[in-house]
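Participant: Sequence:
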Amino acid sequence: VLDIADQLLGSNNGGAMVYDSGFIYGTTGAIVDASDLTLAGNFPLDSAAKGVVTDASAGRVYFLSYIAGTEPGTRITAYDSRTFVETAWTDNNAGASQPYCLVQTGNLGFAYLATVNGKPAVVISSTPFNSITSTPPTLDTLVTNHLLYNATTQKLYASVPSRAGTYGNSVAIINPADKT
2 VLDIADQLLG SNNGGAMVYD SGFIYGTTGA IVDASDLTLA GNFPLDSAAK
52 GVVTDASAGR VYFLSYIAGT EPGTRITAYD SRTFVETAWT DNNAGASQPY
102 CLVQTGNLGF AYLATVNGKP AVVISSTPFN SITSTPPTLD TLVTNHLLYN
152 ATTQKLYASV PSRAGTYGNS VAIINPADKT
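Add 1 to the 1-based position in the sequence shown for the working numbering, that's all there is to it.
Keep in mind the hints are simulated off the structure, nothing from the lab.
Just so you know, even glycine gets a beta-carbon here, dropped at the ideal spot from N, CA and C.
Please note that the accuracy of each hint is not assured.
[Stated by the list, open to error] Now the in silico label distances, taken between C-beta atoms and shown as ranges: (1) Y158 <-> G110: 41 to 51 Å; (2) A178 <-> A59: 23 to 33 Å; (3) S22 <-> N131: 23 to 33 Å.
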(Lines of atoms letter the chains of each structure in order from A and count residues from 1; the text may use other names and numbers.)
(Lines give C-alpha, C1' and ligand atoms only; values in the text may rest on other atoms or scores of the structure.)
Protein backbone atom coordinates (compact mmCIF):
# COMPACT_ATOMS: atom_id res chain seq x y z
CA VAL A 1 0.00 0.00 0.00
CA LEU A 2 1.59 3.27 -1.13
CA ASP A 3 -0.97 5.76 0.18
CA ILE A 4 -4.43 5.96 1.71
CA ALA A 5 -6.82 8.92 1.56
CA ASP A 6 -9.68 8.23 3.94
CA GLN A 7 -13.31 9.11 3.06
CA LEU A 8 -12.59 10.77 -0.31
CA LEU A 9 -15.23 8.68 -2.01
CA GLY A 10 -17.78 9.34 0.76
CA SER A 11 -19.23 7.02 3.33
CA ASN A 12 -20.58 4.41 0.89
CA ASN A 13 -18.19 1.72 2.15
CA GLY A 14 -17.56 -0.90 -0.48
CA GLY A 15 -19.09 1.24 -3.22
CA ALA A 16 -18.04 0.70 -6.82
CA MET A 17 -15.52 2.96 -8.50
CA VAL A 18 -13.98 3.30 -11.95
CA TYR A 19 -10.80 4.92 -13.26
CA ASP A 20 -10.80 7.10 -16.37
CA SER A 21 -8.29 9.66 -17.69
CA GLY A 22 -6.56 10.29 -14.36
CA PHE A 23 -9.67 10.38 -12.19
CA ILE A 24 -11.46 7.92 -9.92
CA TYR A 25 -15.27 8.09 -10.02
CA GLY A 26 -17.19 6.67 -7.06
CA THR A 27 -20.82 5.66 -6.62
CA THR A 28 -21.29 8.51 -4.11
CA GLY A 29 -20.73 10.98 -6.98
CA ALA A 30 -17.23 11.91 -5.80
CA ILE A 31 -14.42 12.40 -8.32
CA VAL A 32 -10.87 11.97 -7.04
CA ASP A 33 -7.70 13.09 -8.82
CA ALA A 34 -5.68 9.86 -8.86
CA SER A 35 -2.32 11.66 -9.05
CA ASP A 36 -2.58 13.27 -5.61
CA LEU A 37 -5.73 11.73 -4.08
CA THR A 38 -7.60 15.04 -3.77
CA LEU A 39 -11.29 15.61 -4.31
CA ALA A 40 -11.77 17.02 -7.82
CA GLY A 41 -15.55 17.37 -7.79
CA ASN A 42 -18.91 15.84 -6.99
CA PHE A 43 -21.95 14.85 -9.00
CA PRO A 44 -25.19 15.91 -7.23
CA LEU A 45 -26.68 12.47 -6.58
CA ASP A 46 -29.82 12.14 -4.43
CA SER A 47 -28.34 9.02 -2.85
CA ALA A 48 -25.41 6.71 -3.43
CA ALA A 49 -25.56 4.93 -6.78
CA LYS A 50 -25.16 1.20 -7.26
CA GLY A 51 -22.88 1.45 -10.28
CA VAL A 52 -20.89 4.00 -12.27
CA VAL A 53 -19.58 4.07 -15.86
CA THR A 54 -17.61 6.78 -17.64
CA ASP A 55 -17.67 7.50 -21.36
CA ALA A 56 -14.88 9.98 -22.09
CA SER A 57 -15.67 10.14 -25.83
CA ALA A 58 -19.25 11.27 -25.07
CA GLY A 59 -18.22 13.45 -22.13
CA ARG A 60 -20.66 11.63 -19.86
CA VAL A 61 -20.70 9.74 -16.59
CA TYR A 62 -23.55 7.30 -15.93
CA PHE A 63 -24.88 6.24 -12.53
CA LEU A 64 -27.13 3.26 -11.78
CA SER A 65 -29.58 3.79 -8.93
CA TYR A 66 -32.40 1.94 -7.24
CA ILE A 67 -35.21 3.48 -5.22
CA ALA A 68 -37.03 0.82 -3.24
CA GLY A 69 -40.83 0.91 -3.36
CA THR A 70 -41.04 2.83 -6.64
CA GLU A 71 -41.84 1.74 -10.17
CA PRO A 72 -39.74 0.95 -12.05
CA GLY A 73 -37.18 1.50 -9.29
CA THR A 74 -34.05 1.15 -11.46
CA ARG A 75 -32.71 4.26 -13.21
CA ILE A 76 -29.58 5.10 -15.20
CA THR A 77 -28.75 8.81 -15.07
CA ALA A 78 -26.28 10.60 -17.38
CA TYR A 79 -24.22 13.60 -16.27
CA ASP A 80 -21.94 15.94 -18.18
CA SER A 81 -18.42 14.98 -17.07
CA ARG A 82 -17.16 18.59 -17.14
CA THR A 83 -20.08 20.51 -15.59
CA PHE A 84 -21.47 17.71 -13.34
CA VAL A 85 -24.97 18.61 -14.58
CA GLU A 86 -27.60 15.89 -15.14
CA THR A 87 -28.30 15.65 -18.88
CA ALA A 88 -30.51 12.57 -19.39
CA TRP A 89 -32.06 9.54 -17.70
CA THR A 90 -33.73 6.25 -18.48
CA ASP A 91 -35.81 3.90 -16.34
CA ASN A 92 -35.72 0.13 -16.70
CA ASN A 93 -38.96 -1.81 -16.26
CA ALA A 94 -37.38 -5.25 -15.88
CA GLY A 95 -38.74 -5.73 -12.34
CA ALA A 96 -35.17 -5.70 -11.07
CA SER A 97 -34.17 -4.95 -7.51
CA GLN A 98 -30.78 -4.61 -5.83
CA PRO A 99 -28.97 -3.53 -9.02
CA TYR A 100 -25.17 -3.24 -9.13
CA CYS A 101 -22.18 -3.57 -11.47
CA LEU A 102 -23.16 -1.26 -14.35
CA VAL A 103 -21.32 -1.71 -17.68
CA GLN A 104 -21.77 0.04 -21.01
CA THR A 105 -22.47 -2.25 -23.97
CA GLY A 106 -22.08 0.23 -26.81
CA ASN A 107 -23.79 3.45 -27.78
CA LEU A 108 -26.35 4.08 -25.03
CA GLY A 109 -26.68 0.39 -24.21
CA PHE A 110 -26.04 -0.90 -20.68
CA ALA A 111 -26.09 -4.09 -18.66
CA TYR A 112 -26.10 -4.61 -14.91
CA LEU A 113 -26.52 -7.34 -12.35
CA ALA A 114 -29.69 -7.43 -10.24
CA THR A 115 -32.27 -9.63 -8.59
CA VAL A 116 -35.28 -10.45 -10.80
CA ASN A 117 -38.09 -12.60 -9.40
CA GLY A 118 -35.89 -13.46 -6.43
CA LYS A 119 -33.01 -14.76 -8.57
CA PRO A 120 -29.69 -13.25 -9.70
CA ALA A 121 -29.92 -11.97 -13.26
CA VAL A 122 -28.15 -9.98 -15.96
CA VAL A 123 -30.36 -7.08 -17.04
CA ILE A 124 -29.76 -5.51 -20.46
CA SER A 125 -31.09 -2.00 -20.98
CA SER A 126 -31.36 -0.39 -24.40
CA THR A 127 -34.20 1.93 -23.41
CA PRO A 128 -33.70 5.38 -24.99
CA PHE A 129 -32.61 8.18 -22.69
CA ASN A 130 -34.93 11.10 -21.90
CA SER A 131 -33.10 14.39 -22.35
CA ILE A 132 -33.44 16.94 -19.61
CA THR A 133 -34.53 20.34 -20.82
CA SER A 134 -35.15 23.38 -18.73
CA THR A 135 -36.15 26.97 -19.08
CA PRO A 136 -33.82 29.75 -17.99
CA PRO A 137 -34.15 30.49 -14.27
CA THR A 138 -35.92 33.56 -12.90
CA LEU A 139 -35.28 35.29 -9.60
CA ASP A 140 -38.05 33.14 -8.10
CA THR A 141 -36.48 29.85 -9.30
CA LEU A 142 -32.74 30.61 -9.21
CA VAL A 143 -30.80 28.25 -6.91
CA THR A 144 -27.65 29.87 -5.54
CA ASN A 145 -24.73 29.19 -3.22
CA HIS A 146 -23.29 32.67 -2.89
CA LEU A 147 -24.04 36.25 -3.91
CA LEU A 148 -21.84 39.32 -4.42
CA TYR A 149 -22.36 42.86 -5.63
CA ASN A 150 -20.11 44.84 -8.00
CA ALA A 151 -20.49 48.57 -7.39
CA THR A 152 -18.81 49.43 -10.71
CA THR A 153 -21.26 47.47 -12.86
CA GLN A 154 -24.11 47.75 -10.34
CA LYS A 155 -24.81 44.06 -10.88
CA LEU A 156 -25.25 41.07 -8.58
CA TYR A 157 -23.34 37.86 -9.29
CA ALA A 158 -24.75 34.58 -7.98
CA SER A 159 -22.94 31.25 -8.00
CA VAL A 160 -25.27 28.52 -9.23
CA PRO A 161 -24.51 25.00 -7.90
CA SER A 162 -24.54 21.83 -10.01
CA ARG A 163 -27.74 20.67 -8.30
CA ALA A 164 -29.53 23.52 -10.14
CA GLY A 165 -29.81 21.40 -13.31
CA THR A 166 -28.74 22.47 -16.78
CA TYR A 167 -27.76 25.97 -15.58
CA GLY A 168 -25.65 24.58 -12.72
CA ASN A 169 -21.94 25.22 -12.20
CA SER A 170 -22.28 28.73 -13.51
CA VAL A 171 -22.51 32.38 -12.47
CA ALA A 172 -25.78 34.26 -12.92
CA ILE A 173 -25.66 38.02 -13.52
CA ILE A 174 -28.59 39.90 -11.99
CA ASN A 175 -29.59 43.51 -12.55
CA PRO A 176 -31.11 44.64 -9.23
CA ALA A 177 -32.52 47.80 -10.82
CA ASP A 178 -35.06 45.91 -12.94
CA LYS A 179 -34.88 42.55 -11.07
CA THR A 180 -33.68 40.55 -14.11
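Participant: Taking the hints in turn, state whether each one holds.
Facilitator: Now the hints, each set against the structure:
In this structure the hint that Y158 and G110 lie 41 to 51 Å apart at CB holds, the actual value being about 42 Å. Between A178 and A59, the C-beta spacing of about 42 Å breaks the proposed range 23 to 33 Å. At about 27 Å, the beta-carbon gap between S22 and N131 stays in the expected band of 23 to 33 Å.
Hint 2 from the earlier list is the only one contradicted by this structure; the remaining hints agree with it.
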